[in-house]
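Protein sequences appear in the order of chains A and B. Using this note's numbering, the first residue of the first sequence is number 862, and each one after it goes up by one. Using this note's numbering, the first residue of the second sequence is number 862, and each one after it goes up by one.
All clues stand as given, with none of them false.
One copy or any two copies: either way a pair holds, since identical chains are not told apart in the list.
Straight-line alpha carbon distances no greater than 25 Å define the calculated SDA-like cross-link-like pairs of lysine to any residue that follow:
#1 1122 x 1152
#2 1154 x 1127
#3 1154 x 1125
#4 1154 x 1134
#5 873 x 1136
#6 932 x 1102
#7 932 x 977
#8 1122 x 1139
#9 873 x 1137
#10 873 x 1138
#11 972 x 908
#12 1122 x 1108
#13 1122 x 1104
Hints were generated in silico from the structure; no laboratory data involved. Keep in mind it's a predicted model, so treat the numbers as computed, not measured.
Protein chains: 2
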Amino acid sequence: MDLQDLVERLRKGEPRAIARALTLVENDQPEARELLSRVFRVFGGERSAKIVGLTGPPGVGKSTLVDVLAKLAREHDLDVAVLAVDPTSPFTGGALLGDRARMDSGAADPKIFIRSMATRGHVGGLSAAVFEALVLLEAAGKDFILVETVGAGQDEVEVAAAVDVTVVVLAPGLGDQIQASKAGLMEIADILVVNKADRDGADLVAEETHAHTDGKPVFKTVALDATGVDKLFTEIERTHGERRLMESWLLNCLHRAVREKIPADAWTAALERLNRRQTTPYQAAAALLESLKS
Amino acid sequence: MDLQDLVERLRKGEPRAIARALTLVENDQPEARELLSRVFRVFGGERSAKIVGLTGPPGVGKSTLVDVLAKLAREHDLDVAVLAVDPTSPFTGGALLGDRARMDSGAADPKIFIRSMATRGHVGGLSAAVFEALVLLEAAGKDFILVETVGAGQDEVEVAAAVDVTVVVLAPGLGDQIQASKAGLMEIADILVVNKADRDGADLVAEETHAHTDGKPVFKTVALDATGVDKLFTEIERTHGERRLMESWLLNCLHRAVREKIPADAWTAALERLNRRQTTPYQAAAALLESLKS
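The following block holds chain A by itself, in its conformation from the complex:
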């Protein structure tokens, strides 16, 4: 398949073309940059999709909640994509397994596209692959894109900054220490969910979460039987957070560009000076930037 053909089929929303484009991006293959440039020049920055980030610790039922939200979005006749970002998948195969289980339920419907992404060879890191995947999915005509992440590492924080709305999912029974230590997470949340709300302690978690976030909305759901997910969906629809996808992607491209611009010998010389303690990393970084000017 040539690149222009791929762009056209992607634009029509063909699942196989989307899958192929995402593979190019995930592996950071040479064609990926050209593909993205072509897609971006024509369809970039359209903002036709609602991009929803969904994160939370293992075991709170994120994947089930994502599946229910995806089905609800289909009932509203939206064209849906799910991107499951799983940094642990090289260990557990979690993303692969998830893919298969989900593909079965959605296989008959070309308007639900489901894909998991793990760390592969992308020099810009996992978050770069996610930014580029989001640009492609929006160009492919998706209306409602769910990005599922685990934890609150650098990848997750970067993804949360890039999307329209970030939903943080909690559940009762995660231990007494949650309340004290989740502060960092609360900052990235637009909407909070206490899933497994039929379990003991759910009300307490919801109340404490509400209190700790200066009144951010907290929704109670039972994803397994879809209880409360319709209200959550409505809230997601009417929440307009600040999407910083272009900023995040540009910053990532800038990081890659500066590293590519520095000649190998200048880099080696800087490291040697560092190892001899003739400079600090802060000074060496400033000097390397300065050297680009000449």
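Given the coordinates of chain A, assemble chain B onto it according to the supplied hints.
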């Protein structure tokens, strides 16, 4: 405490001085850069410590293994530090809980320093905080530094590249998909461990792991009763991987420096051009770098 006083007490290995220095770094406070510069100019790049990265999926018994390794290192009269990097801790409080449980066992011994790090306000991300913490711990006279991470996200891959030796811990019972999907992880491993080796399937996991890694050493341990950990410790001692801490830290500083150098109006103008699709992020990044020259 003034900064010079802090440097001197850090150098003596005083636990409270180390703790305070790490807090400055973790929160990326203004004094942190000056502290690190001073420490680095005098003690940087000493390579007096063995820095060991230890990673693996949740539930394989990493923390227990780390504790046993730390105790073994103490028996060899090494001055030990444990850095537990837990990106999920804002959710689960895992790092905090771990700290407390461990502090109890090690509190009487000033030569075991234990600290957990989560994502806080560091603009360079979690891995930047880890790089800087490692420099401080080595300057504080630590001989054996264990860095425990979870998963294989960007943070973990960056940490693995920075340390001397990377140990990847697996266990039986993680599901059939492990073998197919753990390839990305195997690349960062110097040593592989199958923990919980008294359980069914441990031999099979060890054999398959060995086969999939072109013969990398695979050790079987039962961390709970320390079985096999002495052999693992000996292997760690005699393995000399490539430490890329300086490269990693310098690259991180370079990323921060380039962003700081770009004037706000140039950044805004680039974003506007992007949003009007007059440029691509790759072109915009190159143009921003070019603009630094004038």
